[in-house]
Every structure is written in structure tokens, then in C-alpha cells.
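Build the full structure now, drawing on both the sequences and the hints.
Each chain, letter by letter, is given below.
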Amino acid sequence: MASLMPRGVCRLAVAALSVVCLASVSHAQVATFAQITDAHLFDTAGGPAEQADYDALKHHAALLDTIVAINRLAASGTRLDFVVFTGDFGVASLAEDAIDVRAAEIGRAFRAVLSQQILVLPGDRDVADATGTREMFDRFLAGIRGAVGGRQLVDLTLMPTTVNGIDVLGLDSATLVRRVGGRPRSAASQLNAIARVRRSIRQGQAAILFTHIPPVQDPADTRNGQAASLWDLSPEASAAWDDVLAQRELLGVFAGHVHNFGRDKYGQAIDLSRGTVRPVAPLWVAPPLAGLQAAGAAVPAIGFLQSTVTTTGSVSVKIHWLPSDTFAEPPDSTSELFKARAYERAWELEKAESAYEKALASKDAAVRAAAESGFGRTRDQQRSWRWTFVENLAPVRLVKQHATLAFTATMLCLGLIGFSYWRPSPVLGTPVKLTSDAPAELFVEELLAAIDQARHVLDKERGLDIVSAGPNAIVIARAPADPLSDLLDNLPSVGGVKLGGFVASLMKYLRWFRRRLDLSIAGSATDLRAFGQLHHAWKVEAQWREPAVGDAPLDLIAAARRMAYDLIWERRYR
Amino acid sequence: MSDRLTHNIRSGALKGVATFSGPRSLQYFVEGLDALQAYEANPNATSLKKAAEKLGQCDPADALPQFYLGVVKTLEGYSGVDEAIRLFSAIRESGPEFLRVPAQYNLAVAHVVRYRSADFEIAEDLLRQMKRNIDNTREPTAEQHALKAQVLALLAFCVVRQRLWVNRFKTDVDHDALFEAGGTEALSLLNEAERELESPGLTEADRNEVLADKWNVRGLMFEYRALRETAAAREALAGEAIAAFESALKYRRNWIPGLSNMARVYQDVLGSGVKAEALWRRVLTVRPDDEYTNYRLGRLYEERNDLATACAHYVKAPNIPEASARIEVLSPQLEWWQRPSRPGSRSSS
Numbered sequence: 001m002a003s004l005m006p007r008g009v010c011r012l013a014v015a016a017l018s019v020v021c022l023a024s025v026s027h028a029q030v031a032t033f034a035q036i037t038d039a040h041l042f043d044t045a046g047g048p049a050e051q052a053d054y055d056a057l058k059h060h061a062a063l064l065d066t067i068v069a070i071n072r073l074a075a076s077g078t079r080l081d082f083v084v085f086t087g088d089f090g091v092a093s094l095a096e097d098a099i100d101v102r103a104a105e106i107g108r109a110f111r112a113v114l115s116q117q118i119l120v121l122p123g124d125r126d127v128a129d130a131t132g133t134r135e136m137f138d139r140f141l142a143g144i145r146g147a148v149g150g151r152q153l154v155d156l157t158l159m160p161t162t163v164n165g166i167d168v169l170g171l172d173s174a175t176l177v178r179r180v181g182g183r184p185r186s187a188a189s190q191l192n193a194i195a196r197v198r199r200s201i202r203q204g205q206a207a208i209l210f211t212h213i214p215p216v217q218d219p220a221d222t223r224n225g226q227a228a229s230l231w232d233l234s235p236e237a238s239a240a241w242d243d244v245l246a247q248r249e250l251l252g253v254f255a256g257h258v259h260n261f262g263r264d265k266y267g268q269a270i271d272l273s274r275g276t277v278r279p280v281a282p283l284w285v286a287p288p289l290a291g292l293q294a295a296g297a298a299v300p301a302i303g304f305l306q307s308t309v310t311t312t313g314s315v316s317v318k319i320h321w322l323p324s325d326t327f328a329e330p331p332d333s334t335s336e337l338f339k340a341r342a343y344e345r346a347w348e349l350e351k352a353e354s355a356y357e358k359a360l361a362s363k364d365a366a367v368r369a370a371a372e373s374g375f376g377r378t379r380d381q382q383r384s385w386r387w388t389f390v391e392n393l394a395p396v397r398l399v400k401q402h403a404t405l406a407f408t409a410t411m412l413c414l415g416l417i418g419f420s421y422w423r424p425s426p427v428l429g430t431p432v433k434l435t436s437d438a439p440a441e442l443f444v445e446e447l448l449a450a451i452d453q454a455r456h457v458l459d460k461e462r463g464l465d466i467v468s469a470g471p472n473a474i475v476i477a478r479a480p481a482d483p484l485s486d487l488l489d490n491l492p493s494v495g496g497v498k499l500g501g502f503v504a505s506l507m508k509y510l511r512w513f514r515r516r517l518d519l520s521i522a523g524s525a526t527d528l529r530a531f532g533q534l535h536h537a538w539k540v541e542a543q544w545r546e547p548a549v550g551d552a553p554l555d556l557i558a559a560a561r562r563m564a565y566d567l568i569w570e571r572r573y574r
Numbered sequence: 001m002s003d004r005l006t007h008n009i010r011s012g013a014l015k016g017v018a019t020f021s022g023p024r025s026l027q028y029f030v031e032g033l034d035a036l037q038a039y040e041a042n043p044n045a046t047s048l049k050k051a052a053e054k055l056g057q058c059d060p061a062d063a064l065p066q067f068y069l070g071v072v073k074t075l076e077g078y079s080g081v082d083e084a085i086r087l088f089s090a091i092r093e094s095g096p097e098f099l100r101v102p103a104q105y106n107l108a109v110a111h112v113v114r115y116r117s118a119d120f121e122i123a124e125d126l127l128r129q130m131k132r133n134i135d136n137t138r139e140p141t142a143e144q145h146a147l148k149a150q151v152l153a154l155l156a157f158c159v160v161r162q163r164l165w166v167n168r169f170k171t172d173v174d175h176d177a178l179f180e181a182g183g184t185e186a187l188s189l190l191n192e193a194e195r196e197l198e199s200p201g202l203t204e205a206d207r208n209e210v211l212a213d214k215w216n217v218r219g220l221m222f223e224y225r226a227l228r229e230t231a232a233a234r235e236a237l238a239g240e241a242i243a244a245f246e247s248a249l250k251y252r253r254n255w256i257p258g259l260s261n262m263a264r265v266y267q268d269v270l271g272s273g274v275k276a277e278a279l280w281r282r283v284l285t286v287r288p289d290d291e292y293t294n295y296r297l298g299r300l301y302e303e304r305n306d307l308a309t310a311c312a313h314y315v316k317a318p319n320i321p322e323a324s325a326r327i328e329v330l331s332p333q334l335e336w337w338q339r340p341s342r343p344g345s346r347s348s349s
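Residue numbers (our numbering), protein chains in the order written: chain H, 1 to 574; chain U, 1 to 349.
It is possible that some hints are incorrect.
Below, computed lysine-lysine pairings styled on DSS-like, alpha-carbon distance capped at 27 Å [stated by the list, open to error]:
#1 K358/H - K339/H
#2 K351/H - K363/H
#3 K250/U - K460/H
#4 K508/H - K49/U
#5 K250/U - K275/U
#6 K339/H - K400/H
#7 K265/H - K339/H
#8 K275/U - K460/H
#9 K351/H - K339/H
In case anyone wonders, no lab produced these hints; they're calculated from the structure.
Computed from a predicted model, the values in this text were never measured in an experiment.
Now the structure itself:
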């Protein structure tokens with residue numbers, strides 16, 4: 001355990017009266033807490049999908065292991081007054097619709113913590129970098145709060161709290177951090193954040209301060225051979241910060257954020273005096289849960305910080321490292337878990353459920369827990385309307401996968417259908433012979449000739465408007481003739497698909513939407529019966545029988561003429 | 001004077017939507033219209049008969065076939081003109097809006113074809129009313145210009161007929177004064193009609209019809225003057241009249257008014273029965289039962305003292321009072337000549 005008893009002594013040496021006053025105002029009270037930080041549960045994406053899944057799983061496992069370790073600590077008799085999480089859940093990377101679900105998961109984990117009070121503050125990965133907005137983080141905290149049961153959950157940056165006579169403060173470091181390539185933070189916002197802390201420090205009341213990003217050099221970023229500071233304060237803010245640090249009531253600053261210190265640096269008090277004569281509150285940096293393996297290190301520095309603070313000014317800090325096997329090779333069935341999650345994201349829920357089921361057989365508790373959660377989730381999703389009516393249908397999945405192509409094809413088809421549907425002139429299909437020797441082809445020719453003659457006669461009238469809105473109004477088109485069929489038959493195959501057949505089928509479908517005259521012919525040229533139906537897509541607009549029931553028999557030409565005028569009248573003059 | 005095609009139909013004045021009560025009515029209409037178009041291309045009795053038959057089979061509730069039936073009935077002459085007047089009157093009063101003006105014009109034509117003084121007065125009223133309506137139109141269309149030209153030409157004919165023609169044999173009138181008044185008004189109307197022809201958008205057919213009317217009216221005026229002159233001048237004026245009618249026939253082939261008027265000049269003014277008969281026969285190829293032609297042929301045969309043939313023609317003109325009167329006069333003579341006991345009786349064939 002690293003202890004910092006000398007700090008109080010130093011203070012006595014420099015300002016003995018103050019310490020006496022501090023010590024004398026109350027009996028010495030003690031607060032013990034566990035600080036966990038930088039879980040990075042949701043912001044592991046960026047590399048290969050499976051690596052991201054594995055990292056997410058690993059980080060979840062680290063969080064759960066930490067909670068287990070904290071509980072073990074509590075169970076062994078160590079009193080933990082609160083557990084503080086100093087930022088970087090990775091909330092900013094969550095999809096809007098996933099916030100509540102993920103918050104509930106974390107809430108359930110926090111509910112297992114054997115401490116009545118849980119304090120949190122946001123990290124830089126919890127707020128949107130571009131806008132600095134913390135709406136998502138607030139909603140996330142609300143979700144956790146709803147799932148932690150009777151435990152108290154406090155956002156320290158919004159509400160300081162007092163534990164055993166020690167004020168616990170929070171500093172939102174979002175405005176203080178150095179930005180690479182972005183606009184510098186405004187001095188006013190920096191001053192506001194620091195002033196808020198300064199106002200929270202009460203005279204004669206011991207306080208500790210938690211923040212996410214510490215005011216130290218960033219070992220990962222060196223420019224001109226020197227490490228750059230993680231903070232980038234304006235001169236005014238810098239002075240204000242120095243003033244905060246100089247408050248004798250402030251016993252220490254606790255932060256996270258740094259992933260690459262190496263085990264020897266976490267938990268060590270860092271002097272923030274920057275050469276000033278007066279001693280200032282020291283800084284402790286807690287190790288992250290989502291750890292990077294430092295160069296040359298055997299295992300990554302993953303763990304949590306335990307600290308005991310007394311109102312007399314003593315601060316002791318101990319780091320609990322998590323077992324290295326947590327970060328060794330992925331546990332068994334991890335690949336099934338990865339697969340399950342991939343399937344789940346693609347809404348292939350049956351495969352996801354199967355993979356989760358296999359992962360349930362894992363010997364690793366974390367994998368089993370994740371698999372159980374996923375298994376239940378996929379079962380629930382399969383009962384949802386989205387699965388029943390959308391995702392479970394293969395064509396819909398195909399459309400989703402090729403949305404642009406599907407949209408273009410749909411629009412094209414709709415356009416063609418609309419074009420066919422709104423064409424005024426009917427198309428004449430191949431007539432049906434109701435008797436084997438019915439002169440169907442001849443009937444069609446006579447029918448077309450009669451229509452042509454009618455149009456010719458009507459067109460000759462110069463007052464055409466009175467008898468026809470235009471020649472096209474009584475035009476009837478023939479069905480594609482044999483040469484076109486031959487042409488289609490001879491189209492090559494592409495990718496195993498016979499283009500001719502495809503085009504012919506498409507034309508048939510389009511013709512179905514068009515107005516069409518279907519004819520059935522019976523009898524002979526001297527005593528002929530013709531049946532006609534004018535279809536428009538699914539509708540039968542008119543139907544005729546020539547000769548009509550009760551009429552005298554008709555020869556082929558007379559019947560064809562009658563049918564022609566039936567059609568013209570129906571289409572134009574009704 | 002008896003015939004006039006319905007110019008306005010050909011001038012495209014009809015703008016509207018026609019409906020038919022059923023496909024059969026439509027079919028008969030198209031078939032009738034086809035026959036009418038064949039008649040116009042080559043006027044003949046067969047086509048006209050077929051047109052009348054087909055249009056007559058159309059549903060009477062369909063206005064458009066009824067209008068065309070009226071046209072056909074007008075073309076039939078005396079025998080059909082009463083029916084034509086009934087049809088056009090009905091359409092003018094209660095037919096579709098787009099047919100009412102054409103029906104009014106054709107009603108005037110039909111009254112002209114009936115060729116009675118009272119009918120001419122009705123026709124003149126109808127035509128003057130149409131002229132006023134068109135004159136009141138702010139921006140007449142090409143069709144209205146064409147219609148106006150036709151109205152003016154027909155009105156000129158009515159003026160000549162009523163002011164001059166009915167008085168041609170009267171002795172108690174001042175013919176010079178009549179000619180001065182009637183001729184001047186008719187020529188003024190024709191000049192106005194010709195000015196209308198200069199309007200843009202008129203077709204060759206529009207112009208031909210009006211020009212045929214113009215020369216026909218001028219021919220009638222020459223004929224009227226010829227009847228007043230002595231032999232030499234009479235022959236010269238008759239030649240002018242014939243030249244005018246020939247000009248009219250250049251614009252309208254086999255036009256019955258042109259043929260009839262020219263035949264009458266040959267018969268009455270020049271006394272050339274052979275040329276007159278040839279022209280009357282030509283009229284009969286177009287309209288075999290034309291009553292006026294039969295009446296004139298009756299007169300011709302009567303002049304030749306072929307009373308049987310004359311009577312045979314007179315009986316084919318039952319609507320012409322003069323023809324009936326001649327039968328009354330000729331019947332006793334015919335019976336006397338045809339008595340079997342009388343030697344040397346002639347055959348009337």
C-alpha cells in the first residue's frame with residue numbers, strides 16, 4: 001500500500017495553524033472507496049469486427065471481474081463507503097436505440113456491487129467530442145439509475161457529495177483537455193469548470209476531487225521529444241487551477257484516462273506543484289479496466305484503485321491488479337460468441353441463437369454470462385413484430401442487403417407498370433380457338449381491318465373533335481409477333497440467366513397490367529361466334545358475345561365488324 | 001336550284017364530344033358516314049341511298065347521326081327536305097351545343113332546297129341572324145370566317161331568288177329597278193363573302209364552295225337579264241350565264257344547282273333542247289328522282305309533243321304544283337291520242 005502521510009506533515013510544516021484548525025474542527029473520519037475507470041465497454045470498434053467483439057467482451061469481463069474483486073474485498077471485512085467510476089464507458093459510441101439496453105446491463109452489474117453509493121463522472125469517450133453535449137451520458141446514467149436498485153448513483157460533476165465528513169467533488173475535464181487539431185477550448189468554459197470546483201471546496205471541510213483526465217504529461221504523445229500535457233489550460237484557468245490545488249482542504253485528486261503508464265506508476269502520488277513553494281494536493285491515477293499492454297510489459301496494467309482518506313489529511317492508496325489470465329487467450333467458445341453477435345447484428349436470429357447456445361457451454365463464466373444474455377435477447381427479438389414481419393423473410397433481408405439496387409429496380413418496375421397501365425390503347429392477345437377449325441387468325445385480321453376502316457372514315461371528317469379525341473383512341477396493338485419471339489429466344493444467357501426468357505416474362509407481366517382484348521372464337525367463317533373480354537390489369541372492363549344471344553347467326557366479317565365497334569364504342573363513345 | 005352540301009361540316013366548325021347510345025348505333029353511323037363520303041367524292045344515288053339507310057338505323061337519341069341524316073335528306077332534294085327540316089329544327093332547339101349553329105345553317109339550306117317563297121324568307125331570316133352573331137364575335141376563328149363566307153353567299157342567292165327570280169315573268173314591275181336593287185345587294189354580299197375568304201386558316205374546300213356559289217348567283221343574274229333582252233343580246237347574256245355556271249361547276253363537280261341552272265338556260269333562254277336534256281340527264285345520274293329535273297324534262301318532252309314521256313316525268317315531281325297542273329292539262333290529250341281506235345296513234349315510249 002502506498003501511503004502519503006507526509007503530506008499532512010508537510011502542511012503542518014508550512015502552515016501548521018491551518019492543519020491544527022482542520023484537525024480540530026472534527027473528529028478524524030475515514031472514507032474508503034474503490035475507484036474504477038476506463039471500462040471502454042462500447043467504443044472498441046475501429047479495427048476488425050472480431051477484434052472489436054473480443055475487446056468488448058474482454059472489457060466487460062474486466063468490469064465484472066473488478067466488481068467481483070471489490071465485493072470480495074468488501075466480504076473480507078474492508079469497508080467500502082463508495083465506489084467511484086471516473087469515466088469512459090464509451091457511451092458516445094453507442095447507437096441511439098442501444099443506450100437504454102446497455103445502461104440496463106451496466107446497471108445490473110452495478111447492482112451487484114456491495115456498496116450503497118456509486119459515484120460516476122463522464123470521460124472523454126462518454127460525451128460527443130464535436131459538440132461536447134452530454135445528453136447521451138445523462139440518458140445512460142438515468143438507465144443505470146433505473147437498474148441499480150436501491151443504490152445511490154451520483155454524477156459528481158453535477159452534484160458533490162459528502163461521505164463520512166469528506167466532501168467528494170467532481171471535475172468535468174472535457175473543457176480542460178488538450179485538443180489535437182481542433183479549436184482550443186474557451187478560457188471561459190475552463191474557468192467555469194474550475195471555479196465550480198473551487199466554490200465546492202468548503203473552508204475547513206476536507207475534500208477529495210475526482211476527474212477523468214489528469215493534468216499530467218501524456219506518455220503516448222510526445223512532440224519535439226517532450227511529452228505533451230493532457231490538459232491545455234489558458235493562463236487564467238491555469239491560475240485558477242493552481243488556486244484549487246493550493247486549498248488546504250483538498251486532500252487529493254484522483255483521475256483515470258491513462259492507459260499506458262505501466263504498473264509502477266499507477267497508484268503513485270504525483271506532485272502537481274509545478275515548482276511552487278507551497279505544497280499542493282497530489283494526484284493519483286487509477287489503472288484502467290480496458291488496458292493496453294505497455295511495451296515490454298508481461299501483462300497489461302489492469303485493475304482498480306482502493307483508497308482510504310481521513311479528515312486529518314492522510315491518504316492511502318492501493319492498486320488491485322486483476323489476474324493476468326483474464327487477458328490471456330480468449331476463453332473457449334469465444335468465437336461462437338463473436339459469431340452470435342455478428343449474426344445478431346445482421347438479424348439472422350436463428351443462427352445467432354444457435355451460436356449463443358453453443359457459447360453457453362463455455363467454461364468461462366463471462367462468456368457464459370454474455371451468451372446467456374444474448375440467448376435471451378435473441379429469443380425476445382424473435383417474438384417481435386420486426387422479426388415476424390420483416391427480418392425473418394428472406395426477400396426482405398435480400399432487399400435490405402441491396403437496398404439501392406432494390407429501390408432502383410422497384411422504381412423501374414413501377415414506372416414500366418405505370419406506363420403499361422395508363423396506355424390507352426388495348427393490346428390484342430393471341431385468340432383462343434374454342435373449336436378446332438375456328439378461323440381465329442382470320443377473325444383477328446378482319447377485326448383490325450374494321451377498326452382501321454372506322455378510324456379512316458372518322459379521320460376524314462374535318463370536325464374530328466366531335467367523333468374522336470385522336471386516332472390513338474381507337475388503336476389496338478397486336479401482341480408481339482413471332483419474329484420478336486425468335487429474337488428473344490436468341491438472346492444470350494448472362495450469368496446463367498436466360499435474357500430472352502427474362503425479357504419475355506417481363507413483357508408478359510407488363511402486358512397483364514395493360515388494357516388487353518382477349519378473344520375466343522368458335523364456329524366457322526359462315527356461322528361464327530366470337531367472345532371478347534376487355535381486361536385492364538385485374539379488372540374486366542367489358543365483355544361481348546357476337547352475335548348476341550337471340551340474334552341471327554353472323555358470318556366472320558360481320559361478327560368481326562360488330563366486335564370492332566363494340567370495342568370502339570366501349571373505349572371512346574360510351 | 002336545289003342542292004347545297006353542308007359546308008360547315010367540312011370546314012371543321014364542329015367542336016364537341018359526341019356520344020352514342022350503343023355500339024350498333026356507332027357502327028351504323030360510321031357506315032353511313034362512309035357512304036356519304038363516297039357520295040361526296042363521286043355523287044351518285046347508290047351511295048346516298050346507302051348513307052340514308054345506315055344513318056336511319058342509328059339510334060334517334062344520338063344527335064350526331066341525326067345531323068348527318070339531315071344532311072343526307074337535304075341532298076335527296078324535295079323528297080327528303082321535309083325530314084331534313086324536322087331533324088335540323090330539333091337539333092337547333094334541343095341538340096348538343098356544338099351542333100346548334102351548324103344545324104341552323106343546314107336548316108336554312110334545307111328551306112332553300114324546298115324552294116318555296118315562304119321557305120326562302122325563313123332561310124333569309126336564319127342566315128341574317130347567323131351573320132349578326134358572327135359579326136358580334138370579337139375574334140372569329142377560321143371556321144367562323146368560312147361559315148360567314150358561306151352564309152353570305154347563300155344569302156346572296158336568296159336575295160337574287162326573292163328580289164329577281166320570282167318576278168322574272170311579271171309584266172307589271174320595273175325590272176331595271178328590281179335588278180338595280182336586288183343585283184346590287186347580291187353583289188355586295190358576294191364581295192363581302194370573297195373578303196372573308198382572304199382570312200387565314202381557310203381551306204381550299206371552303207373557298208371552292210363559296211366561289212361556286214358566287215358564280216352560280218352571277219349566272220342567275222345574267223339569266224334574269226337575258227330574259228328581258230331581244231334575241232341578239234339575249235344570246236350574249238345567256239352565254240355569259242352559261243360561262244358563269246360552268247365556272248361554278250369547276251369549283252364543284254357535278255353540282256346539281258350549277259347543272260340545273262345551266263340546263264334551264266339552254267332550255268328556256270336559248271331553246272336548245274338537246275343540250276338541256278343532256279344536262280338534265282346528268283343531274284339524274286346524281287339524283288335519279290330529282291323532282292325539279294323531272295319537271296323540266298316533262299316540259300322539254302311536252303315541247304316536243306311527246307306527251308306520254310312528259311307525263312311520265314311530271315308524275316315524278318309530285319311536290320311541284322306546276323307539274324301536277326301539267327298532268328291535269330295533258331291527261332285528256334294523252335287519253336285521246338292513245339285511243340286504240342284512232343289510226344296512227346303514237347307510242348309514248
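ask   = Under the criterion that the straight-line Cα-Cα distance not exceed 27 Å, is the pair K339/H, K400/H satisfied?
value = holds (20 Å)
query = Between K275/U and K460/H, is the straight-line Cα distance small enough, at 27 Å or below?
reply = Given that 27 Å is the threshold and the Cα spacing comes to 37 Å, the pair is violated.
inquiry  = Would the hint linking K351/H and K339/H be met if the CA-CA limit is 27 Å?
reply    = holds (9 Å)
request  = Would you check the hint for K351/H and K363/H, treating anything up to 27 Å between C-alpha atoms as holding?
outcome  = Measuring from Cα to Cα gives roughly 21 Å; hence the hint holds.
inquiry  = Hinted pair, alpha-carbon criterion (27 Å max): K250/U, K460/H. Please report holds or violated.
reply    = holds (23 Å)
query = Are the Cα atoms of K508/H and K49/U separated by 27 Å or less?
reply = violated (48 Å)
ask   = Is it true that the CA of K250/U sits at most 27 Å from the CA of K275/U?
value = OK: K250/U and K275/U at ~18 Å, within 27 Å.
key: K265/H paired with K339/H [C-alpha distance capped at 27 Å]   = Since the Cα atoms of K265/H and K339/H sit roughly 38 Å apart, the hinted pair is violated (cutoff 27 Å).
query = Quick one, are K358/H and K339/H close enough, alpha carbons at most 27 Å?
reply = holds (10 Å)
Checked against the numbered hints given earlier, this structure breaks hints 4, 7 and 8; the rest are met.
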